[in-house]
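Work the whole structure out from these sequences, hints included.
Sequence lines, in order, name chains A and B.
Here the first sequence is numbered in this note's numbering, starting from 2 and rising by one per residue.
Here the second sequence is numbered in this note's numbering, starting from 81 and rising by one per residue.
Rather than coming from a laboratory, the hints here were simulated on the basis of the structure.
All values derive from a computational prediction rather than experimental measurement.
Be aware that one or more of the hints could be misleading.
[What the hints assert, rightly or not] Computed spacing ranges between beta-carbons, pair by pair:
| no. | chain 1 | residue 1 | chain 2 | residue 2 | range |
| --- | --- | --- | --- | --- | --- |
| 1 | A | Tyr49 | B | Phe101 | 36 to 46 Å |
| 2 | B | Lys103 | A | Ser29 | 47 to 57 Å |
| 3 | B | Phe261 | A | Cys19 | 24 to 34 Å |
| 4 | B | Leu300 | A | Tyr49 | 25 to 35 Å |
| 5 | B | Glu268 | A | Trp24 | 29 to 39 Å |
| 6 | B | Lys103 | A | Glu60 | 44 to 54 Å |
| 7 | A | Cys23 | B | Val94 | 58 to 68 Å |
| 8 | B | Lys83 | A | Val120 | 26 to 36 Å |
[To be verified] In silico BS3-like cross-links for lysine-lysine, where the CA-CA straight-line distance does not exceed 27 Å:
| no. | chain 1 | residue 1 | chain 2 | residue 2 |
| --- | --- | --- | --- | --- |
| 9 | A | Lys77 | B | Lys143 |
| 10 | B | Lys298 | B | Lys309 |
| 11 | A | Lys132 | B | Lys154 |
| 12 | B | Lys298 | B | Lys192 |
| 13 | A | Lys63 | B | Lys298 |
| 14 | A | Lys33 | A | Lys45 |
| 15 | A | Lys107 | A | Lys77 |
| 16 | A | Lys121 | A | Lys58 |
| 17 | B | Lys309 | A | Lys63 |
| 18 | B | Lys178 | B | Lys90 |
| 19 | B | Lys123 | A | Lys43 |
| 20 | B | Lys283 | A | Lys107 |
| 21 | B | Lys283 | A | Lys132 |
| 22 | B | Lys283 | B | Lys143 |
| 23 | B | Lys337 | A | Lys77 |
| 24 | B | Lys178 | A | Lys107 |
| 25 | B | Lys309 | B | Lys143 |
| 26 | A | Lys107 | B | Lys298 |
| 27 | A | Lys63 | B | Lys143 |
| 28 | B | Lys192 | A | Lys43 |
| 29 | A | Lys107 | A | Lys121 |
| 30 | A | Lys54 | A | Lys132 |
| 31 | A | Lys121 | B | Lys283 |
C-beta: ideal position from N, C-alpha, C; glycine also.
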Amino acid sequence: MNDKKLIIIGLLIFFGVCSSVCWYNWLSAAEKGAPEPLLSEKAKAAGYCVVPKDKMKAEHMKILDQWREHVVRTGKREYVIPETGRTFNMSLSTGEDSCMGCHSNKSEFCDRCHDYASVKPYCWDCHLEPKEKE
Amino acid sequence: MEKSRRSFLKIAGVAALGVGFTKPTLNAYASSVVGPHPQIGDKALSAHHWGMVIDTRKFHSEKDLEPIVEACHKAHNVPDFSDMPNATSAEKKRHEIKWIWGEPYHNAFTDKENHYQSHRIEHLSFPVLCNHCEEPPCVLACPTKATFRRDDGIVLMDFHRCIGCRFCMAACPYGSRSFNFVDPRRAENLKEETCPDFPTRMKGVVEKCNLCAERLAKGLQPACAEASKGAIAVGDLGDPHSNVRVLLEHNFSIRRKPSLGTEPSVYYIV
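Have a look at this one:
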């Protein structure tokens, strides 16, 4: 009945091993940090996107989905922002004013975060990625 | 507190008026504040009912069809498996993807076959494509609404939604639909060069002619019409003064398999 010490040490080791995954993640994240998407020269020069940056970060997939619905079903292919008078081509990969028309650096802009977050969007199974200059 | 019938009715009346007035007032306010929104572009061509008239008298041999097929297939990144290495001709045929192609008279117009036919008709290769039917059986068959008929008559596909069940292919009486049995990007022609204005498809997706909806939206004529040197006209069947209606008024025309009741929007002047 004097195994108290052993039991406590055993429990500590057990919980330590169980939570090691979390510790590893926290420590490595603190070391490297989440990657920031890099803007292309054109995107930097423009200085604005379809919606503010934070909203874009959180909701770009929803926006793309809504755009698809509008373009394919209703034929509405221009996104107008009355405040600035700007129009965008509601397309992921075709034309000057499309997403990739401005963000022509897919590997630095899209892939960095997607790889980090381990999401594998299947956009590029069909949509053609812009040719990146070496 | 006890409520009399009278006071209850008063309150109910006022509440009903309030509800009645609020909605239109809010709506009026909402329409005056317009945020970012999608719209149809200024250059976009529109129609009540898009249709096509093909003047087959302007086609003399299969050679006349080639540039048309090429223009269409190039514009839409249609894979070409005809030079697939180590494949039998049957395999090549199975993997064939076509949006517009040539078909002899007896295949294109199955219910109009006579014993004795003029020499020209007998040997002509008729350009065939999706008929953009008024009553499209493919739309009825599609379980995911990936194929649908737009208000302007174009039978369109949302490739994102296609699950590859191929019900539409079974339903289409014109064979206008092709299935991607292999990744289309494996085709030699797409490995070499792709048109940046249109995506490719992926393995497991059905595809067909979209009447160049993406070109019409930019104010351009469909690729086939542009390459046809006037043999193919695309316009508004709903407008009696449109180019296509004028052509149909002055020339005898036929449609493919009209007895099926699909009401094709593609007319052939023979």
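The hints, checked one at a time:
Between Tyr49 (chain A) and Phe101 (chain B) the CB atoms are about 39 Å apart, so this pair conforms to the stated range of 36 to 46 Å. Distance hint check: the CB atoms of Lys103 (chain B) and Ser29 (chain A) are about 55 Å apart, consistent with the given range 47 to 57 Å. At roughly 47 Å, the beta carbons of Phe261 (chain B) and Cys19 (chain A) sit outside the given window of 24 to 34 Å. For the pair Leu300 (chain B) and Tyr49 (chain A), the beta carbons lie near 29 Å from each other, so the given range of 25 to 35 Å is met.
Separation of Glu268 (chain B) from Trp24 (chain A) is about 51 Å and departs from the stated range, judged on CB atoms against 29 to 39 Å. Between Lys103 (chain B) and Glu60 (chain A) the CB atoms are about 29 Å apart, so this pair departs from the stated range of 44 to 54 Å. Distance hint check for Cys23 (chain A) and Val94 (chain B): the Cβ-Cβ separation is about 59 Å, which falls inside the suggested range of 58 to 68 Å. Separated by about 59 Å at the C-beta atoms, Lys83 (chain B) and Val120 (chain A) break the suggested range of 26 to 36 Å.
At roughly 37 Å between alpha-carbon atoms, Lys77 (chain A) and Lys143 (chain B) are farther apart than 27 Å, so this suggested pair is violated. Between Lys298 (chain B) and Lys309 (chain B), the direct Cα distance comes to roughly 20 Å. Compliance with the 27 Å bound is thereby established for this hinted pair. Our distance criterion of 27 Å between C-alpha atoms is met by Lys132 (chain A) and Lys154 (chain B), whose separation comes to about 19 Å. The hinted pair formed by Lys298 (chain B) and Lys192 (chain B) fails the criterion: a straight-line CA distance of about 38 Å is larger than 27 Å.
Taken as a hint, the Lys63 (chain A) and Lys298 (chain B) pair is honoured in the structure, with Cα atoms around 25 Å apart against an allowance of 27 Å. Proximity of Lys33 (chain A) to Lys45 (chain A) is assessed by CA-CA distance (about 24 Å); at most 27 Å being required, the pair is judged to hold. Of the pairs offered as hints, the one joining Lys107 (chain A) and Lys77 (chain A) holds, with about 26 Å between alpha carbons and a cut-off of 27 Å not exceeded. Restraint check for Lys121 (chain A) and Lys58 (chain A): satisfied, since their Cα atoms lie roughly 16 Å apart, inside the 27 Å limit.
Restraint check: the Cα-Cα separation between Lys309 (chain B) and Lys63 (chain A) comes to about 43 Å, which exceeds 27 Å; the hinted pair is violated. Our distance criterion of 27 Å between C-alpha atoms is broken by Lys178 (chain B) and Lys90 (chain B), whose separation comes to about 70 Å. Only pairs whose Cα atoms come within 27 Å are accepted, and Lys123 (chain B) paired with Lys43 (chain A) is accepted, the gap being roughly 25 Å. Proposed proximity of Lys283 (chain B) and Lys107 (chain A) is supported: the alpha carbons are some 23 Å apart, at most 27 Å.
Between Lys283 (chain B) and Lys132 (chain A), the direct Cα distance comes to roughly 22 Å. Compliance with the 27 Å bound is thereby established for this hinted pair. Between Lys283 (chain B) and Lys143 (chain B), the direct Cα distance comes to roughly 31 Å. Violation of the 27 Å bound is thereby established for this hinted pair. Straight-line distance between C-alpha atoms of Lys337 (chain B) and Lys77 (chain A) comes to about 33 Å, which puts the hinted pair past the 27 Å bound. Proximity of Lys178 (chain B) to Lys107 (chain A) is assessed by CA-CA distance (about 31 Å); at most 27 Å being required, the pair is judged violated.
For a cut-off of 27 Å, the pair hint linking Lys309 (chain B) to Lys143 (chain B) stands: about 13 Å separates their Cα positions. Note on Lys107 (chain A) and Lys298 (chain B): the hinted pairing holds, with a Cα-Cα distance of about 26 Å set against a maximum of 27 Å. A threshold of 27 Å between alpha carbons decides the hint, and for Lys63 (chain A) with Lys143 (chain B) the separation of about 47 Å lies outside it, so the pair is violated. Of the supplied pair hints, the one linking Lys192 (chain B) and Lys43 (chain A) is violated, its CA atoms being roughly 59 Å apart against a limit of 27 Å.
The hinted pair formed by Lys107 (chain A) and Lys121 (chain A) meets the criterion: a straight-line CA distance of about 14 Å does not exceed 27 Å. For the hint linking Lys54 (chain A) to Lys132 (chain A), the alpha-carbon distance of about 25 Å falls within 27 Å, and the restraint holds. At roughly 17 Å between alpha-carbon atoms, Lys121 (chain A) and Lys283 (chain B) fall within 27 Å of each other, so this suggested pair holds.
Hint violations for this structure: numbers 3, 5, 6, 8, 9, 12, 17, 18, 22, 23, 24, 27 and 28, all remaining hints satisfied.
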